[in-house]
Amino acid sequence: MKEKSQVDDINRSIYDIKNENVDEYKLESGLTPEIVEKISSEKNDPEWMRAFRLKSLEIYNSMGIPDWGPSIDGLDMNNIVTYVRPNTKMSAKWSEVPEDIKDTFERLGIPQAERESLAGVGAQFDSELVYHNVKEEVAAQGVIYSDLESALHGPYADMIKKHFMKLITPQDHKFAALHGAVWSGGSFVYVPPGVTVEIPLQSYFRLNAPGAGQFEHTLIIVDEGANLHFIEGCSAPKYNVANLHAGAVELFVGKNAKLRYSTIENWSKNMYNLNTKRAIVEEGGTMEWVSGSFGSHVSYLYPMTILQGADSHMEFTGITFAGKGQNLDTGAKVVHTGERTSSYINTKSISKDGGISTFRSSVLIGKNAKKSKNAVSCQSLMLDDISRSDTIPAMDIRTKDADVGHEAKIGKVSDDAVFYLMSRGISEEDARAMIVSGFADNVSKELPLEYAVEMNNLIRLEMKGSIG
Amino acid sequence: MSDVLLQVSGLSARVEDKEILHGVDLTIGSGETHVLMGPNGAGKSTLGYVLMGNPRYEITEGRISFKGEDITEEGADKRAKAGMFLSFQEPLEVPGLTTESFIRSAMEQKSGQRLKLMEFRKQLSAAMEVLQMDEAYAKRSLNTGFSGGEKKKAEILQLMMLRPDLAILDETDSGLDVDAVRLVAKGIEEFQKERGGSLLIITHSTRILDSLNVDKTHIMVNGRLVNSGDGSLVAEINQGGYEKYMA
Chain A
1 MKEKSQVDDI NRSIYDIKNE NVDEYKLESG LTPEIVEKIS SEKNDPEWMR AFRLKSLEIY
61 NSMGIPDWGP SIDGLDMNNI VTYVRPNTKM SAKWSEVPED IKDTFERLGI PQAERESLAG
121 VGAQFDSELV YHNVKEEVAA QGVIYSDLES ALHGPYADMI KKHFMKLITP QDHKFAALHG
181 AVWSGGSFVY VPPGVTVEIP LQSYFRLNAP GAGQFEHTLI IVDEGANLHF IEGCSAPKYN
241 VANLHAGAVE LFVGKNAKLR YSTIENWSKN MYNLNTKRAI VEEGGTMEWV SGSFGSHVSY
301 LYPMTILQGA DSHMEFTGIT FAGKGQNLDT GAKVVHTGER TSSYINTKSI SKDGGISTFR
361 SSVLIGKNAK KSKNAVSCQS LMLDDISRSD TIPAMDIRTK DADVGHEAKI GKVSDDAVFY
421 LMSRGISEED ARAMIVSGFA DNVSKELPLE YAVEMNNLIR LEMKGSIG
Chain B
469 MSDVLLQVSG LSARVEDKEI LHGVDLTIGS GETHVLMGPN GAGKSTLGYV LMGNPRYEIT
529 EGRISFKGED ITEEGADKRA KAGMFLSFQE PLEVPGLTTE SFIRSAMEQK SGQRLKLMEF
589 RKQLSAAMEV LQMDEAYAKR SLNTGFSGGE KKKAEILQLM MLRPDLAILD ETDSGLDVDA
649 VRLVAKGIEE FQKERGGSLL IITHSTRILD SLNVDKTHIM VNGRLVNSGD GSLVAEINQG
709 GYEKYMA
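Protein chains in written order, with the working numbering: chain A, 1 to 468; chain B, 469 to 715.
The shape of chain A in the complex, shown without the other chains:
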């Protein structure tokens, strides 16, 4: 047993390092068919993808921005450089990664994480994958883990074409359309039937250039009876220019397969995080989401699961922490279409220093989803009187024999509990951080140790200076 469960000093600076801007070139700021063409040709897209991007751009230009959530008025697409790439090509060897980029990754702990038996690293630096490596034992099992661009030209090209943006279509919303037009980077994972990937696959996304959007696409297909844990972690340095993240995650869980998708997002406080995530689950399959949302200025994030196959199951475990100047609108959606499907949504949200945390859940149980079950539990913790927490549950139940439950609680940190911990020699600040970390343990206990430690660090970081 390592001693990692103890959290020591927090050094925010490791998250806030930005390298000098050494990008080879940037595209002009606005978004036109020419730019999309340019991206497409740079990426050496197959023809269908080029057409798909242009079609998505049309849809993007024809759609309005959402008018129901937190304001995104601060976002000016004309000033967002959509595509920036570092001056390095794909590299499978750590030694070939340029020094300054390597330095950033070192600080973020990527190589260490890998050494600690993570299966592979697909770390995205700006818009290109610069480092990508799948450990031999995983590859030997027939598991494909690569960047999406090169996979488009490989033996799995047809599989990608069949699945790419079929779950999240460009028509979904304006930022899905934008994603379809300019997506860049991301991961492709295919786990063949019956294969259990014993160690989690990990991908670390990061934004680096001022004004750069990040439009990575993650496509994961877990075939019949297979089992995978995929971890996505995000940390971005601070900038003054508005930043946009509009990634897409599409997950296909086959018959009796199981996928756990874990995320810790820690965007810089100027980020507009408009990410879309969706999974579809076949008969007897299981989808598990573990989601920690920290950072960003505004977030819209509602991972959605379609329980299509009979007896399929979904669990969503999430935590959202909204501090000063943050408006985080998060939650989960589930659509039950198969019989005897079940879903359990368990979320916690924390708001502090005037932060706004809104939890939205949407549960649809279709008329054929006989004997399906759903439970939603949402707990909010308010750390002061100027913060805000809302819960907006929506339920649409179209069969009589469904079993549906919803529970919401809002609370505060009790002064008595703080005194109790202080009476054992814990400082007030640490006592509050311990109580808040404890509140978040629904997520931290589901995460691998390194990530749980990072999350506790983040909570402590966010709690710092909250006294007086």
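Keep in mind that the hints were calculated from the coordinates and are not lab data.
All values reported here derive from a predicted model rather than from experimental measurement.
Among these hints, one or two may not hold up.
Claimed, not checked - Straight-line alpha carbon distances no greater than 27 Å define the calculated BS3-like cross-link-like pairs of lysine-lysine that follow:
#1 A/Lys445 <-> B/Lys619
#2 A/Lys409 <-> B/Lys619
#3 B/Lys546 <-> B/Lys661
#4 B/Lys654 <-> B/Lys549
#5 B/Lys535 <-> B/Lys546
#6 B/Lys661 <-> B/Lys619
#7 A/Lys367 <-> A/Lys258
#8 A/Lys373 <-> A/Lys258
#9 A/Lys269 <-> A/Lys445
#10 B/Lys546 <-> A/Lys464
#11 A/Lys324 <-> A/Lys464
#12 B/Lys486 <-> A/Lys412
#13 A/Lys445 <-> B/Lys607
#14 A/Lys333 <-> A/Lys255
#15 B/Lys712 <-> B/Lys684
#16 B/Lys607 <-> A/Lys409
#17 A/Lys269 <-> A/Lys412
#18 B/Lys584 <-> A/Lys445
#19 A/Lys174 <-> A/Lys333
#20 A/Lys412 <-> B/Lys684
#21 A/Lys174 <-> A/Lys258
#22 A/Lys371 <-> A/Lys255
#23 B/Lys549 <-> A/Lys464
#24 B/Lys549 <-> B/Lys661
#25 B/Lys619 <-> B/Lys549
#26 A/Lys412 <-> B/Lys546
#27 B/Lys590 <-> A/Lys445
#28 A/Lys412 <-> B/Lys619
Said to hold, decoys possible - Some, not all, of what chain B presents toward chain A, calculated at C-beta under 8 Å:
#29 Lys549
#30 Leu560
#31 Val562
#32 Pro563
#33 Lys578
Ideal Cβ positions, reconstructed from N, Cα and C, are used throughout, including at glycine.
Got chain A sorted already, so can you dock chain B onto it with the hints?
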């Protein structure tokens, strides 16, 4: 005559607008065991809270010194680090914070040093053994869903691990069955005899005192210490109650 550990002089305190303590004087020497008795609502628990530094109570007069330092204005964490401990009558539940990680953090805070996990586990198991606590409680969230008895045991477990110089026990024996009282008393006895720790025991009953040497007994009525004596006063109260002090 032992060294003075705690010196309370003319201590008055209130919660909101209600004055509860009226000029309490109390001196506890190193290694001494004091018992504080009194009818319900006399202010015994308040004295415990005020000594520990609960910010809910406001000290209106008097001072508290501990090991010769004036700690009247200090926060609870500073008092704990100086060697004071309060066993709560109703320990609070902290979901998600495991008992063992909390105790370890508290020990590290106090010593200012990292504590090796193996060493810590060994000490913890030994203390839990004395209290006959199932080791599963170490992994559970602090006090969360514990029975009343287990909560009290968890308090004494913390006492044994943190090894303070002065432990204030607020009705640690209330709500415990005979066996649990015996185990808790064993933990306290170990603290008293092996550690040479001082005790201020707030109690209604004598069961917990059987195995302890009591140096002094104080009777509190309406926020005042109305009588002090040696250990024999406990028996006297058990016979006659507080009636003669209530006039």
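Which numbered hints are broken by the structure, listed smallest first? When the structure is compared with the hints, numbers 20, 21 turn out to be violated.
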